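These protein sequence lines map, in sequence, to chains X and W. The working numbering puts the first residue of the first sequence at 1, with every later residue one more than the last. The working numbering puts the first residue of the second sequence at 1, with every later residue one more than the last.
Cut-off 20 Å, straight-line C-alpha distance, at most; resulting in silico cross-link-like pairs (EDC-like, lysine to aspartate or glutamate):
id, chain 1, residue 1, chain 2, residue 2
1, X, Lys42, W, Glu9
2, W, Lys85, X, Asp88
3, W, Lys48, W, Asp140
4, X, Lys169, X, Glu54
5, X, Lys3, X, Glu81
6, X, Lys3, X, Glu132
7, W, Lys247, X, Glu170
8, X, Lys114, W, Glu9
9, X, Lys114, W, Asp76
10, W, Lys48, W, Asp144
11, X, Lys4, X, Glu131
12, X, Lys79, X, Glu64
13, X, Lys185, X, Glu54
14, W, Lys48, W, Glu124
15, X, Lys169, W, Asp246
16, X, Lys3, X, Glu131
17, W, Lys285, W, Glu220
18, X, Lys189, W, Asp246
19, X, Lys185, X, Glu45
20, X, Lys189, X, Glu54
21, X, Lys189, X, Glu44
22, X, Lys4, X, Asp82
23, W, Lys119, W, Asp140
24, W, Lys85, X, Asp90
According to the in silico footprint, chain X covers these stretches of chain W (three or more CB under 8 Å from chain X):
id, segment
25, 12 to 22
26, 79 to 89
27, 92 to 103
28, 161 to 174
Sample of chain W residues at the chain X side, in silico, Cβ under 10 Å:
id, residue
29, Ile4
30, Gly6
31, Ser7
The hints are simulated quantities; they were obtained by calculation from the structure and are not laboratory data. Quick caveat: nothing in here was measured; it's all calculated off a predicted structure. Backbone N, C-alpha and C fix where the C-beta goes; we use that ideal spot for every residue, glycine too.
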Amino acid sequence: MAKKYAMIHDSNLCIGCQACNVACRSENQLPESVYRLQVWIKPEEYPNGTLGYEYHRQSCVHCENTPCVNVCPTHASFKNEDGIVLVDVDLCVGCLYCVAACPYQARYVDPVTKAPNKCTFCYESRLSRGEEPACVTVCPTEALVFGDLNDPQSKINTVLSERVTYQQKERLGTNPKMFIVPNHKGGIKS
Amino acid sequence: MNHIAGSLEQYSTLIWHWPIAVYLFLAGLSAGAAMTSLMVKWIEGNNKAPWDGLIKAGALLAPLTICLGLFLLIFDLTRPLHFWKLLIHYNFSSVMTLGVLGLFIYTPLSFIYAAIKFKPWLFETGPFAGLLKPFKGIIDSIGDNPAWLERTLFLFAVIIGIYTGFLLSAMYSYPLFNTPLLPILFLASGLSSGVAASILFGLLFFKSEVNQKNAKYLLELDLRVVPMELLLLFALFVGMYFQGGDKTLVAIQALTTGVWAYVFWVGVIGIGIATPLLIAVTALKHHAYRVGYILLNSVVVLVGVVFLRLYILYAGQTFIG
Numbered sequence: 001m002a003k004k005y006a007m008i009h010d011s012n013l014c015i016g017c018q019a020c021n022v023a024c025r026s027e028n029q030l031p032e033s034v035y036r037l038q039v040w041i042k043p044e045e046y047p048n049g050t051l052g053y054e055y056h057r058q059s060c061v062h063c064e065n066t067p068c069v070n071v072c073p074t075h076a077s078f079k080n081e082d083g084i085v086l087v088d089v090d091l092c093v094g095c096l097y098c099v100a101a102c103p104y105q106a107r108y109v110d111p112v113t114k115a116p117n118k119c120t121f122c123y124e125s126r127l128s129r130g131e132e133p134a135c136v137t138v139c140p141t142e143a144l145v146f147g148d149l150n151d152p153q154s155k156i157n158t159v160l161s162e163r164v165t166y167q168q169k170e171r172l173g174t175n176p177k178m179f180i181v182p183n184h185k186g187g188i189k190s
Numbered sequence: 001m002n003h004i005a006g007s008l009e010q011y012s013t014l015i016w017h018w019p020i021a022v023y024l025f026l027a028g029l030s031a032g033a034a035m036t037s038l039m040v041k042w043i044e045g046n047n048k049a050p051w052d053g054l055i056k057a058g059a060l061l062a063p064l065t066i067c068l069g070l071f072l073l074i075f076d077l078t079r080p081l082h083f084w085k086l087l088i089h090y091n092f093s094s095v096m097t098l099g100v101l102g103l104f105i106y107t108p109l110s111f112i113y114a115a116i117k118f119k120p121w122l123f124e125t126g127p128f129a130g131l132l133k134p135f136k137g138i139i140d141s142i143g144d145n146p147a148w149l150e151r152t153l154f155l156f157a158v159i160i161g162i163y164t165g166f167l168l169s170a171m172y173s174y175p176l177f178n179t180p181l182l183p184i185l186f187l188a189s190g191l192s193s194g195v196a197a198s199i200l201f202g203l204l205f206f207k208s209e210v211n212q213k214n215a216k217y218l219l220e221l222d223l224r225v226v227p228m229e230l231l232l233l234f235a236l237f238v239g240m241y242f243q244g245g246d247k248t249l250v251a252i253q254a255l256t257t258g259v260w261a262y263v264f265w266v267g268v269i270g271i272g273i274a275t276p277l278l279i280a281v282t283a284l285k286h287h288a289y290r291v292g293y294i295l296l297n298s299v300v301v302l303v304g305v306v307f308l309r310l311y312i313l314y315a316g317q318t319f320i321g
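Please model the entire structure based on the sequences and the hints provided.
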């Protein structure tokens, strides 16, 4: 049976250390100027005057209903059998329609190939060796959980059953496979 | 924003730049010019050579502007040498693929239509007469009034005019693009730019062959399309305003903030819509035929449509709620 890979980012466990960001750059040998993953840190003031931080994982959310794949004229952008959104650089003409159509700003233009690229859940490297994505492995607080939604016994399904989660920009109907455990304090800004 | 995460440069929402706006303008103009030429030709008495200068102007503009636009589009790709992959790989859920397929039919038809209108020059008097001789038989066999070809060309001109709008409106990442009225607005402004360019081109290059009656017909047509654009813009922004949330915010920002608000009020509304209407009710009142003002009218309409494409493209990518 095909897998349906997904991830959880628990913003209560996240400390914004960027270990995931750095591990991703190293694993995927990204050029200097571009990122597949950043954690954005935003200071918050809560209604009672106390201060805190919001952590936002900025990366591809691997939509089920993919705006980027829908607009791509050549099928260079595609969703593979395991539900991961990938780019076939060989088919890409560089129209950047996918970059523009992505509501999550998940794509960058690779300075070498000039084709858009993005988070792949480390599909071609670590997943094929049976390992978890680099960001998940390196996270010091276990704020990231990765697994197969089609396997009821998987860790991600356990966590999804125990914690409150939401998907970013749910109203667009993209159905992302990136689930966010919202900060226990303050409001949710999806 | 704390920059510990690294450079934020790649997160700009401005992805498509001015060549795309110029392409959208040229594609709309091409479609509009084809429609203009056909509408004049379909007037009783205009269906035989020597063709009216306006018919010839539109027939010539349609293939030239679409080719110019497509060249611009190809060189704007980040991987231009791979552009041919667009021609052999199709994704039917992508408006870009549908556009490519539409252009496969529209572009050759526009060339054939132009060839019929410029037959003597192409095959007898022009510098390429010797080279093109082999094709004369094909063009002759089509005849001067191929109803099937003209109707198909008109239909595909409408499709090309409207697809440029759907190309943008298909993206729900940008509230200003993602509105149902945008394709209609682009079709209307494409038609008005096609009419204006045909009048301008016809009066500049084929003046002796332009029948006043036909020029007046086109001026009247433009006088109907331009207010329609105003109505569409009005309905687009008011409609967005009433949708709430991001859309309300974007509608207000796009009309009031920064340089793009100026481009809208001065370029799109002032130059592109108010000026031609003013010329129509003053200098060209009672359908006066004053060539200087007619040319000026065409120029401001064209400039206005360029501003409209630039404004929609840039404001759409700048204000996202």
